[in-house]
Structures are given as C-alpha cells and as structure tokens.
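Colleague: The task is simple: from the sequences and hints, build the whole structure.
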Amino acid sequence: MAETVLSVKGLQKAIGKKPIIHDITFDVFAGEVFGFLGPNGAGKTTTIRMLVGLAKADGGDIRIGGISLQEQFPQAIAQVGCIVENPELYKFLTGRENLEQFARMSGGITPERIEEIVRFVDLERAIDDKVKTYSLGMRQRLGIAQALLHRPKILILDEPTNGLDPAGIRELRQFIRKLAEEEGLAVFISSHLLSEIEMMCDRVAIISQGKVISVGLVKELMEQFADQVDWTIPSSHIQKAEEILRTLQAVTDVWVVSEECLKSRMDIEKVSEANQALVNGGIPVMGIATKTVTLEDLFLTLTGGGGSHGAEHSGARTK
Amino acid sequence: MEQSIVGLVQNETIKLLRRRRFLVVVLILAILIPIFTYAQYRSVVTAQERMGTTDWRPLLTQQIVDMQNRLASSRLPEEWRDLIKVRIAQQQYYLDHDINPMAPGGPTFARGFMDQAISMFLPMIIVVLAVDLVSSEFSEGTVKLLLTRPVRRWKVLTSKYITLLLFTSLTVLTTLILAYLLSGVVFGYSGWDLPILTGFEVSGGELETSGAFMLPQWQFLLMQYGLGWFVCLVVATVTLMVSVLVRSAAAGMGIMMAALISGTILTQMASSWESSKYLFVVNLQLTDYLNGTLPPIKGMTLPFSLTVLSVWAIAALIIAYATFIRRDVTS
Numbered sequence: 001m002a003e004t005v006l007s008v009k010g011l012q013k014a015i016g017k018k019p020i021i022h023d024i025t026f027d028v029f030a031g032e033v034f035g036f037l038g039p040n041g042a043g044k045t046t047t048i049r050m051l052v053g054l055a056k057a058d059g060g061d062i063r064i065g066g067i068s069l070q071e072q073f074p075q076a077i078a079q080v081g082c083i084v085e086n087p088e089l090y091k092f093l094t095g096r097e098n099l100e101q102f103a104r105m106s107g108g109i110t111p112e113r114i115e116e117i118v119r120f121v122d123l124e125r126a127i128d129d130k131v132k133t134y135s136l137g138m139r140q141r142l143g144i145a146q147a148l149l150h151r152p153k154i155l156i157l158d159e160p161t162n163g164l165d166p167a168g169i170r171e172l173r174q175f176i177r178k179l180a181e182e183e184g185l186a187v188f189i190s191s192h193l194l195s196e197i198e199m200m201c202d203r204v205a206i207i208s209q210g211k212v213i214s215v216g217l218v219k220e221l222m223e224q225f226a227d228q229v230d231w232t233i234p235s236s237h238i239q240k241a242e243e244i245l246r247t248l249q250a251v252t253d254v255w256v257v258s259e260e261c262l263k264s265r266m267d268i269e270k271v272s273e274a275n276q277a278l279v280n281g282g283i284p285v286m287g288i289a290t291k292t293v294t295l296e297d298l299f300l301t302l303t304g305g306g307g308s309h310g311a312e313h314s315g316a317r318t319k
Numbered sequence: 001m002e003q004s005i006v007g008l009v010q011n012e013t014i015k016l017l018r019r020r021r022f023l024v025v026v027l028i029l030a031i032l033i034p035i036f037t038y039a040q041y042r043s044v045v046t047a048q049e050r051m052g053t054t055d056w057r058p059l060l061t062q063q064i065v066d067m068q069n070r071l072a073s074s075r076l077p078e079e080w081r082d083l084i085k086v087r088i089a090q091q092q093y094y095l096d097h098d099i100n101p102m103a104p105g106g107p108t109f110a111r112g113f114m115d116q117a118i119s120m121f122l123p124m125i126i127v128v129l130a131v132d133l134v135s136s137e138f139s140e141g142t143v144k145l146l147l148t149r150p151v152r153r154w155k156v157l158t159s160k161y162i163t164l165l166l167f168t169s170l171t172v173l174t175t176l177i178l179a180y181l182l183s184g185v186v187f188g189y190s191g192w193d194l195p196i197l198t199g200f201e202v203s204g205g206e207l208e209t210s211g212a213f214m215l216p217q218w219q220f221l222l223m224q225y226g227l228g229w230f231v232c233l234v235v236a237t238v239t240l241m242v243s244v245l246v247r248s249a250a251a252g253m254g255i256m257m258a259a260l261i262s263g264t265i266l267t268q269m270a271s272s273w274e275s276s277k278y279l280f281v282v283n284l285q286l287t288d289y290l291n292g293t294l295p296p297i298k299g300m301t302l303p304f305s306l307t308v309l310s311v312w313a314i315a316a317l318i319i320a321y322a323t324f325i326r327r328d329v330t331s
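Chains as they are written, first to last, in full-length UniProt numbering: chain A, 1 to 319; chain B, 1 to 331.
Hint data in this document are derived by calculation from the structure and do not stem from the laboratory.
Just so it is clear, CB atoms sit at the ideal spot from N, CA and C, and this is done for glycine as well.
Careful, some of the hints might be misleading.
Unchecked claim - Part of the chain B face toward chain A, derived, beta carbon under 10 Å:
(1) I14
(2) K15
(3) G141
(4) T142
(5) V143
(6) L147
(7) P150
(8) V151
(9) V156
(10) R326
Modeller: Here it is as structure tokens:
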C-alpha cells in the first residue's frame with residue numbers, strides 16, 4: 001500500500017457554539033487523487049482551512065507525512081502545497097517576485113527551481129509581468145506554481161475548476177492526473193460537482209453537514225450504482241422476461257418494480273442485445289428506458305435528498 | 001526548517017516599497033515642507049514690516065508686551081493666565097541673555113517643524129505607512145499564502161513589525177534631512193551651534209528657570225528628534241494593532257485619525273479632566289518638555305509621558321500578537 005500522506009482523525013470544529021464539523025476521518029495516499037465531495041455549506045472549505053493551518057481544529061488529529069500539524073506546524077505544512085479558494089497573489093508584484101516571496105518563506109529553493117516550475121506551468125513569457133495584468137487562467141497557473149514550488153507531498157485544491165472555461169477544466173484535469181500518476185503526488189480536491197470528482201478522482205469522501213457519510217473507490221461506488229434499464233412489459237409476460245434477462249451476461253441484477261415494469265442493472269451498450277433476446281423469447285417489449293446513474297444520484301441517495309435509486313437522468317453523460 | 005527572520009523582513013520590505021507606501025510618505029514631506037518654509041518666511045517678513053526693522057530684539061519686546069496686554073484682559077481664563085506668565089518669563093530670559101530664539105536657518109526650521117509635527121503631522125504619516133500592513137493581506141486574501149508556509153505566525157507578524165520600525169525610523173530621519181535641506185534654500189544652512197535654552201522645570205504651574213542651561217542647537221535637535229522618533233514608534237505600534245483588528249484600511253485610517261485629532265482637542269480642553277493624561281494621544285507633545293511649555297494637564301512630566309506611551313505600546317503589541325496568532329482565517 002502506498003504511503004499515507006494525509007491522515008485526518010476525528011476532526012471537529014465549532015464556530016461560536018454551533019458545531020459545524022463533527023468527526024471527519026479519512027486518509028489520503030501518495031499517488032492518488034482524492035475527492036472531497038459535498039454540497040455547498042457541508043463544511044468542505046472549513047475542513048480545508050484546518051488542513052492547511054488557516055483555522056484551528058477544536059478536536060481531532062491532522063497528520064501530514066506522519067507529522068502532527070497542530071504540534072509541529074512548520075515541519076508538517078512544509079509538505080503541503082495548497083490553493084484555498086482563488087489563487088490570491090500579490091498583484092503589484094511580478095509573477096517571479098511572487099514566487100521569490102514564497103521561496104524565501106519556504107527556504108532551500110534555488111533560482112533554478114523557480115525557472116523549472118515556471119517552465120512546468122508554461123508561464124515563461126509572462127513571468128516578469130505584474131500579476132494584475134494576468135488572465136484568470138494565468139493566475140491559476142501561477143497559483144499552482146507557488147503550490148508546487150517547494151516540492152510538497154500533497155497538493156490541496158479547493159474547488160479548483162471554479163471560474164475556468166471547459167478547455168481550462170480539461171487542461172487542469174489532465175495536469176492533476178499527471179501529477180498523481182507521474183510525480184507520485186497525493187492530490188486532494190474538494191468539489192460540489194459530482195461529475196468533476198467522477199472524472200478526476202480515484203477515491204472520494206462524501207461529506208454532508210460536517211460528517212463523512214461515505215469513503216471509497218470512485219469505481220466501486222459507480223459499479224454499485226451501475227446503469228439501469230427500465231423495461232415495460234405486459235404483466236402476463238413479466239415472469240418470463242425476468243428469467244430471460246437473468247441468463248444474460250451483461251445483466252448484473254433484475255427485479256420487478258411493478259405489474260408492468262421490470263428493472264435491470266446492466267451495461268447500457270448491451271441494451272439492443274438484451275432486447276433481441278427478449279423478442280426472440282417471444283416477449284412483447286412495449287418500452288425501454290435507459291438511465292445513467294451518476295455520482296449525483298449516488299449522492300442524493302446517500303444523503304437521503306432524493307428518490308430511492310436516484311433522479312431520472314436519461315441519456316447524455318459528459319465524458 | 002525554521003526560516004530566518006531576515007528573509008521575511010526582506011519580503012515585507014519589498015511589499016511595502018512596491019505598494020509605494022514609503023514613496024507617498026516622502027512625497028508628502030517633500031511637498032509640505034516647502035509650503036511650511038514659505039509660511040515661515042512670510043511670517044518673518046510680515047513681522048519685520050510691522051516692526052519696520054530686521055532687528056529681533058524689538059520683535060521679542062513687542063511679543064512680551066502683547067502677552068502682557070492679554071494678561072491684563074479680565075476675560076482670560078485662569079489656566080491660560082499661568083501659561084502666558086511662563087512664556088513671558090522665558091522670552092524675558094532670551095532677551096536678557098541676548099539669545100535670538102527665532103534666528104532663522106535650516107536647523108532652526110527643523111526644530112520648529114518637529115515642535116509642530118510631533119503630535120499630529122508625523123503620527124499621521126506613520127499611520128499611512130502602517131495602517132494596511134496586516135489588514136491588506138486579509139482584504140486581498142494573500143494572508144492564505146502567508147500563513148500556509150513553514151513559518152510560525154508570531155514570526156510572520158514579527159517580520160512585519162521589524163519592517164515597520166525600520167521604515168518609521170527612516171521616516172523620522174527623512175523628515176530631519178528634508179526639513180533642513182529644503183528650508184535651507186530660503187533661510188540658509190547655518191545655525192547648528194546656536195545656543196538653545198532648555199532644562200526648564202515646571203512645578204505647580206510655575207516655570208523654574210533655575211535649572212535652565214544652554215545647549216548647542218544640534219544637541220537640542222538630537223534630543224528633540226529622538227523624542228519624535230519615540231512618539232512615532234509608539235504610534236506605529238498602536239497602528240499595527242489596529243491593522244490586525246480591523247480588516248479595512250479605510251476603517252483603520254478613520255480610527256487612527258479620530259484618535260489623533262481627539263488627542264489634540266483634549267490637550268486643549270482637558271486641564272480639568274485629570275485622568276485623561278493616561279490616554280496616549282494626550283502625551284504625544286513630548287518636545288514641549290524641552291521647550292519649557294506648560295503641559296496640558298498638571299502632573300504630566302517627561303518620564304510620566306514616556307511611561308504612558310510605553311505602556312500603551314506594550315499593550316497594543318500584546319493584543320496584536322494574541323489576535324494574529326489565534327485568529328482563524330475566514331473568507
């Protein structure tokens with residue numbers, strides 16, 4: 001198993017007398033992209049602020065590379081690179097001067113390292129311009145440069161795709177995958193967008209109202225909530241239809257929903273084959289509806305905010 | 001792992017200079033000092049025209065007569081009466097010992113300038129320098145970068161404080177240099193050795209001239225700018241606290257301006273409210289102790305004022321550090 005880079009245990013936080021984070025626990029390993037998923041107001045940003053030392057936890061333990069953040073702040077935080085909300089930089093300084101500021105604070109960073117990171121985020125041409133002349137995308141890249149400058153073990157990003165255009169999001173996604181897979185970095189990403197987590201992350205912690213309600217592999221969660229097909233079949237044939245579907249390899253589960261409706265969990269690309277099998281078996285199929293289950297449905301199910309097996313979400317799936 | 005404070009001070013210095021705070025301060029001084037020089041020049045010329053002579057003795061005699069006339073007026077309040085009596089005694093001493101207290105020249109102007117600037121003008125300039133030192137990091141969000149580095153919070157604030165003290169000192173020095181150089185264009189650059197009378201003591205509203213002695217003007221200036229420097233350090237420290245507590249630069253500026261102005265108002269009317277002498281803004285006019293001017297409130301002495309200012313500065317520092325180290329950063 002890969003090294004545990006970030007370990008959070010029993011994290012608690014109250015603002016005033018109102019507890020807003022209760023008992024958040026999870027681990028993040030080297031080389032993985034870890035999603036931190038929850039609706040706005042679930043406590044994502046508050047948790048991140050505690051992870052990077054901007055806010056103090058009322059209880060619980062945060063360890064980075066095995067070092068307690070609360071007890072040995074400088075040693076622990078030296079392994080963290082982060083962008084909390086927007087990348088705020090000194091607008092009246094140039095990009096290079098900004099990086100030099102952080103280099104002096106982190107220590108042990110050579111001018112060559114600054115050159116290297118500037119090339120890495122592709123900002124060579126603008127690095128000696130003042131940051132106030134930068135576009136949002138350029139600021140984002142400079143923000144990533146400052147976060148990676150001191151070679152952290154973990155990169156913490158709070159809603160990184162906020163304000164980016166689709167091309168920018170795609171670019172960021174590839175960039176993050178590259179960091180995790182090639183550089184072995186742990187990447188921690190918070191988001192309220194389920195599709196984003198689904199596309200970028202290996203594992204995910206889902207939080208709601210200051211509690212972690214589920215932690216697991218994104219793939220496993222997706223399998224558990226695989227695509228569904230609704231079959232409308234006359235009640236006289238429904239028994240037989242169920243038997244036929246059960247014999248098919250592509251179908252993982254079948255159950256009768258109502259007198260004329262049958263549900264199967266299966267690979268959606270195999271729908272026509274399944275239909276063929278039913279027709280060959282003499283079943284008059286009256287209707288087929290496919291449903292793609294996304295993390296969105298999963299989320300609604302887990303938080304009890306929606307129907308039993310998610311919202312109707314036919315057709316288009318962004319991938 | 002622990003970073004040296006020198007690098008952090010370098011960071012803060014770069015930010016302060018690139019924010020053009022010090023440039024603004026120097027520009028304010030460079031524009032206002034010539035204006036004051038011209039005003040001083042006009043008042044000398046007008047006085048000479050009125051007297052019909054360039055001799056200072058009749059001028060001083062006339063001032064003493066003016067003040068004696070004011071004393072004769074029955075509408076004059078009692079506390080003013082004491083003050084004017086003291087002034088007359090002092091002027092008479094200058095006349096008797098053949099010392100021209102208004103002898104123009106760059107050093108004399110610099111002395112007069114510090115007398116006028118110590119309680120309002122210089123503190124205001126220091127406020128310009130210090131008021132957004134911490135609050136701008138919060139309002140611009142850059143504090144998130146500052147506090148997520150391997151540096152403890154007290155060290156971050158200390159680097160800011162050291163930088164502030166450096167630039168405060170530099171501002172006082174610049175004031176002396178600019179006041180001397182710019183006024184010298186009109187008044188000439190001589191007068192460093194001019195004897196200045198000091199060592200007055202005030203006891204029970206009476207000016208004790210027994211302890212008075214002469215000091216070459218350069219020594220007097222050194223003492224005076226030393227006191228001015230101390231006042232500026234205290235104002236800088238209090239402003240740092242305000243900058244930690246208040247997030248908007250405009251609000252911080254308003255608070256400090258209100259404090260300084262109320263200090264000036266209080267010194268003029270607080271003689272009957274004795275405990276106001278424990279406010280730091282009432283104790284800023286330290287140079288008066290050198291000049292032998294009666295303090296605004298009975299019982300105030302130079303050691304007393306220095307103590308009050310020090311206590312305020314230390315309290316401000318404690319509050320600033322405690323708040324900065326403990327506070328959660330929220331958006």
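Colleague: Does each hint fit the structure? Answer for all of them.
Modeller: Comparing the hints with the structure gives:
no., hint, in the structure
1, I14, "holds, 7 Å"
2, K15, "holds, 7 Å"
3, G141, "holds, 3 Å"
4, T142, "holds, 5 Å"
5, V143, "holds, 8 Å"
6, L147, "holds, 6 Å"
7, P150, "holds, 4 Å"
8, V151, "holds, 6 Å"
9, V156, "holds, 9 Å"
10, R326, "holds, 8 Å"
Hint violations for this structure: none, all hints satisfied.
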